[in-house]
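Undergrad: Sequence:
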Amino acid sequence: MEYTYLLINANDWEDMVIIVTEEEAIQASMKYPNSRVEIFSKNADIGYSPTYNYYKNGELYKS
Numbered sequence: 001m002e003y004t005y006l007l008i009n010a011n012d013w014e015d016m017v018i019i020v021t022e023e024e025a026i027q028a029s030m031k032y033p034n035s036r037v038e039i040f041s042k043n044a045d046i047g048y049s050p051t052y053n054y055y056k057n058g059e060l061y062k063s
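Residue numbers for the sequence shown follow the UniProt record's numbering, beginning at 1 and rising by one.
Don't read these hints as lab results, they were simulated from the structure.
Not one of these hints is a red herring.
Keeping only pairs whose Cα atoms sit at most 30 Å apart, straight-line, the calculated BS3-like set for lysine-lysine is:
| hint | residue 1 | residue 2 |
| --- | --- | --- |
| 1 | 42 | 62 |
| 2 | 31 | 56 |
| 3 | 31 | 42 |
| 4 | 31 | 62 |
| 5 | 42 | 56 |
Take the sequences, apply the hints, and build the full model.
TA: Below, the structure is given as structure tokens:
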């Protein structure tokens with residue numbers, strides 16, 4: 001399955017950052033420990049859908 005990552009912080013939505021690799025997502029979550037990197041899965045029907053899992057401070061949190 002293909003994933004895309006989104007760095008979410010307390011700023012406006014325009015400041016969100018799209019990340020394309022898992023390694024970069026983990027690094028970004030460590031660089032910005034007060035933010036989280038949400039994980040989205042790519043699908044054929046609607047584009048991307050949330051997995052409700054995320055990285056925070058380098059750790060993976062699963063729902």
